[in-house]
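Trainee: Each chain, written out:
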Amino acid sequence: MSSPGPLIRAAAGIGRGVEGVAYGVAGATALFGGLLLALPAALRGSVRARRSDFVDALAEAGYRALPIVTVVNFLVGGILAFVGAVQLVRFGAGIYVANLVGIAVVREMAAVMTAIVMAGRTGASFAARLATMQGNEEVDALVVLGISPVEHLVLPRAAALTITLPLLYLYGCAVGLLGGLAVSALLLDVGTAAFVGQLREALNADQFVIGFVKCLAFGAFLGVTSCHVGLRAGRSAAEVGRATTSAVVIGIVGIIAIDAAFALFLNALHV
Amino acid sequence: MLFMFDDRSPTRAPSIEVRGLTMAFAARVIMRDVDFTVKPGSILALIGGSGSGKSTILRAMVGLLRPASGSVAYDGADYWSSPPADRTALARRFGVLFQGGALWSSLTLEENVILPMQMLGRGTRRDWTTKARERLEMVGLADAAARLPAEISGGMRKRAGIARALALDPSVLFLDEPSAGLDPIASRRLDDLLLSLREHLGASIVIVTHELASVFAIADTCVFLDAGTQTALPQDRPTELRDHGPTPLVRAFLRREDPNERRSAP
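One line per chain: the protein sequences are V and X, in this order. Take the first sequence: its position 10, counted from the start at 1, is 10 in my numbering, and no numbers get skipped. Take the second sequence: its position 219, counted from the start at 1, is 219 in my numbering, and no numbers get skipped.
Extracted from the complex, chain V is given alone in its bound form (with noise of 0.2 Å):
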């Protein structure tokens, strides 16, 4: 029997691509199911899951990732403010970067590169934590006692992740504005009081309130995927880089669309 040929080899590797993806989003909406089902019961406090999980899961969701989201979040608005002084002094118009500013990192940049550097640092560190579970038998130590992975391992991270991000993002608000005031103010001699009277212009409560909702879904995205994907992974150390670097993937590519629905949906609302 002679060996197939390159097309037909190619349309299989497409084949084999498609249906894991198709298993990997079956298998991560089973997961988010299995986690609003494990919801009542973890608000009423019955669910077969440490609080110090919880605790630690915070930690390392929240106060543990400032420094890089203070980091990143400074220095996106402070590229929006030299790329739109630049643009706009041209026409006498330097005063209007605050509005550029303002809405860029509100509405868009702060809740999406905070999300970015949540998938690359907490989400990754989730998928490599429940992946090296995996393949020490961890989690099988789990399941003969008749205890949920959903509900032990993936709830608490999950929830710390949906928890952290808006907060993280509010967060990275502050700072990508002062970023943005810091440029202002040394390349167009923009004073605060100015600034803040434009930003103040500009800004209403819905623009914190749309990157305040996006945050929710990225965390709950980002909470559910990492976890799967550690799951999922087999048992070799070879598997533990392999879930945490398709963790970091999934969960970029996966904000950027989140975001891309978001605003399809909110230009169809004019909103």
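Covered stretches of chain X, going by a simulated chain V footprint (3 or more residues, C-beta under 8 Å):
id: 1; segment: 62-71
id: 2; segment: 86-98
Pairwise CB distance ranges (calculated):
id: 3; chain 1: V; residue 1: 13; chain 2: X; residue 2: 202; range: 49 to 59 Å
id: 4; chain 1: X; residue 1: 257; chain 2: V; residue 2: 236; range: 30 to 40 Å
id: 5; chain 1: X; residue 1: 143; chain 2: V; residue 2: 234; range: 34 to 44 Å
id: 6; chain 1: X; residue 1: 126; chain 2: V; residue 2: 37; range: 26 to 36 Å
id: 7; chain 1: X; residue 1: 247; chain 2: V; residue 2: 5; range: 46 to 56 Å
id: 8; chain 1: V; residue 1: 16; chain 2: X; residue 2: 120; range: 36 to 46 Å
id: 9; chain 1: X; residue 1: 256; chain 2: V; residue 2: 42; range: 48 to 58 Å
id: 10; chain 1: X; residue 1: 151; chain 2: V; residue 2: 42; range: 24 to 34 Å
id: 11; chain 1: X; residue 1: 130; chain 2: V; residue 2: 234; range: 36 to 46 Å
id: 12; chain 1: V; residue 1: 236; chain 2: X; residue 2: 210; range: 18 to 28 Å
id: 13; chain 1: V; residue 1: 59; chain 2: X; residue 2: 257; range: 54 to 64 Å
id: 14; chain 1: V; residue 1: 45; chain 2: X; residue 2: 126; range: 16 to 26 Å
It is worth saying that the hints were derived from the structure and are not from the lab. Computed from a prediction, not measured in an experiment: that's the story for all the values here. Idealized CB from N, CA, C, for every residue including glycine.
Please build the complex by placing chain X on the supplied structure of chain V, with the hints as guidance.
Mentor: Frame of chain V, contents of chain X only:
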């Protein structure tokens, strides 16, 4: 070495009947039509060469791997066709030691033993701590209770895994290679511990092992898995299989002889 137990197992050990068990990964059959019985309070050893499917069968018995066909019945009820709630209730009567110990790496040894009790809501924190210390003392790890799994040796991890497996007073213990990596004295102590558990808790024990000294010392019966034919030989006493086993391979295996060398000898 004598081990003392204050408590008896809350439930008597079930009889276990494995019938026609076939294990496969996708199209690759690992073992077919395996039959054996574990009488309440007895010790059965699953033996065979590396890769013969011993651990795979153990995983099917504890609910981690669904068999391709066949049944694993506890007191007559097939585990795999029981409703999930019944399976969970039954699994809580199991104590399982995994090959590498499978200790939860972020928890100390004491926390590892406490966690099953804590999660399954039995007793108070003081009860859990007292019992965890007893179990760790039983396996000679009282002084290491506050250490993390990464800070102890492989043999100590195995013993800590046994302490954790005993946390819920199981009526059936499943042990995957418990003496691998242990020195001869520690291995002998482990055998004494298992005999003591059977005597005082009335627990049934299913053990996967390559340690023939342990097999002869503690197993009431054993099942030899032949990787070549992917079948299991009829269950029998270890000495019976060694002296009058149905195939040269099992007799050679239990005598620690190389069957190929025997055949080529003049």
